[in-house]
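**Student:** Given two chains presented individually in distinct reference frames, assemble the corresponding complex, making use of the accompanying hints.
Protein sequences, first through last, are from chains A and B.
The numbers in our numbering rise by one with no breaks, and the one at position 61 of the first sequence is 63.
The numbers in our numbering rise by one with no breaks, and the one at position 8 of the second sequence is 9.
Simulated from the structure, these hints should not be mistaken for laboratory data.
Be aware that one or more of the hints could be misleading.
Here chain A is said to cover these stretches of chain B; the calculated rule only asks that three of the stretch's residues, wherever they fall, bring their Cβ under 8 Å from a Cβ of chain A [stated by the list, open to error]:
| # | stretch |
| --- | --- |
| 1 | 24-38 |
| 2 | 50-57 |
| 3 | 86-97 |
| 4 | 107-121 |
Even for Gly, the Cβ is constructed at its ideal location relative to N, Cα and C.
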Amino acid sequence: MKVLIMGCGRVGARLASLLDEDGHEVTVLDNDVYSFRRLPSNFGGAALYGNGINEEALKKAGIEEMDIFVALTQGDNRNVMSCQIAKHVFNVPRVMCRIYDPLREEMYAALGLETISPTKVFAQLLREKLES
Amino acid sequence: MYIIVVGGGRLGYNLLKALLNEGHEVLLLEKDPRICKTITDEMGSVCYRGDGCEAATLAEVGTGRAEMLVAVTGDDEDNLVSCQVAKHKHNVPRTISRIRNPQNAVLFKKLGVDVTVSTTDLILEAIEREVPTHPLTHLLTIDEKNLAIVDVKISPESTSVGKTVKDLSLPKESQLALIIPDEGNAYVPTAGTALKADDQIIAVTTMETEEALKSALRGM
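Pulled out of the complex, with its shape left as it was, chain B reads as follows (with noise of 0.2 Å):
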């Protein structure tokens, strides 16, 4: 597959590389003549020198042919107008965009993007699950489906303990798909299993029900 990526930052560098050793062909494009030269210097001909936003250069580039473009720069605004160009200038299928600000998430949507990653939200939830006392934290968010996967962490305190799946009043739209106990293997939990204190819940829950799943769980 064909992707190019714009930006040779540390994202840039690393998705680079990354790519390369899955055996895709990639094109880096990256503005600054010294990133380009160290990245060329470490992994050959791989990267480009020129502005990802330009339809002019894109089409050096041969991103008509692209199958992916990937606009990982740190300005938001010059990741759209990446995406934006490749999506209509060259009508590359698939476009992904980094975004700094997570309210841009809906807004590139909007304006054609195919994908966007909301470092800033990664970053967040990678802390949160790090926070002991954090009740529940985001493992993976389906935004297709309006959908989250969910780690929920029962403390001894909690009045769920020693309840049962079905007594939980869980919101009909949650599903529990796994316990891991404090101690011993994972399973899969039944309408009949009880909770126990320290145990660790993966649920499916959808963005609305979230908070209504946190506090059947918590016991609140």
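Isolated chain A (complex conformation) (with noise of 0.2 Å):
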């Protein structure tokens, strides 16, 4: 599968890595060159530099062709708008967003984006892990 991650930080690097060693196409975006340094040597997808909240850089990154979209950077808001543009302007068939807020997150799942909260998933691990 064609796969775009936006945010090449901890997570969105690893999470390329991944997809890449399972043979997916993965390109990675961010708007600072520094941060693909977290990709590994033998990265065989695609590192852009580039804005993804703005639509040319999106379809510079080739959106339309995507199967995947995947916002993971560091700001709730950025990662909300992207989706959206992948999702209403692209039509990119699956749209991921990362939303640390979890009333932000509830929100926008009830307004049709597929979300993850990480505070809600990492607080729940941590409280089964403790009362177990």
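**Tutor:** Below, the structure written as structure tokens:
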């Protein structure tokens, strides 16, 4: 599958590398080229400089041909905006959005975005560990 | 009218002041405690410290009864989310967002923001108006009607000088509304009005026929 990942932080870089190992065609987009150092040296995908809330930058990154778009920048609002562009402007079949703020996450999930709140997931995980 | 303003920068600050002067009930949301303190010291308790993109913050300030939310932070993505939360979580009837990237106007409308104001476009238009050689400048754009009110200056070299309005082959979607001559009072032109050098023409046009109007008036 063709996957576009926005944000090459720890999670973005790791996900890119895992999907690359599984044989997917991965493109990573970040507005700071320094963050590409996190990608492993044997990374077979593409790493592109660009701002994911800009339609032109997304086009250049090939969003029109993508099967999956994942937003993993540090900013909830940037993720939300880029995911809505991916979904509503470019009709990417599957769009995944990381949103730290649980309330915001619930709202955008209700609006039809596929969302994950690491805050909720991690707190739940800790609770299970501590209570077991 | 209860209005919430998000973002206490220069724009938010001046908007808050203007709306308060008009007698509205206004609350400004600002994350930075120092900015909040400055505003509170000057204008009283009209500033609330908090994130205007957070549903919880918006609930605390009674966004449910707000008739309007205006998001004027410097980041388009923050303004978008603030307007969307106000709209979808709190049913605010009218949301207005400042945008810096003019391309976002179409996207924001599609995503439910009622009005966008592109500060970049406004500044560009204002500067163009001051460039004396610029043949056509936008005075006002009425998006809903797909109309623009424009200002065209007739240069002395233009072949339209001396021609009457009916001989100009203007696109039929365009109307000349007013002529402001170099000297004397402004007047409403008729079919028989002849254009003079240095006339300033205020016209109403559709977006599509703007170029045709410009050519007809400049006589090229």
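**Student:** Evaluate each hint against the coordinates.
**Tutor:** Against the structure, the hints:
Under a criterion of three residues with beta carbons nearer than 8 Å to beta carbons of chain A, the stated coverage of the stretch 24-38 of chain B fails, only 0 such residues being counted. Figure legend: the stretch 50-57 of chain B, annotated as covered by chain A; annotation consistent (4 residues with Cβ-Cβ distances under 8 Å, at least 3 required). Coverage of the stretch 86-97 of chain B by chain A holds. Counting CB-CB distances below 8 Å, 3 residues qualify, and the rule asks for three or more. Counting residues of the stretch 107-121 of chain B whose CB lies closer than 8 Å to any CB of chain A gives 3, which reaches the minimum of 3, so the coverage claim holds.
The structure shown violates just one earlier hint, number 1.
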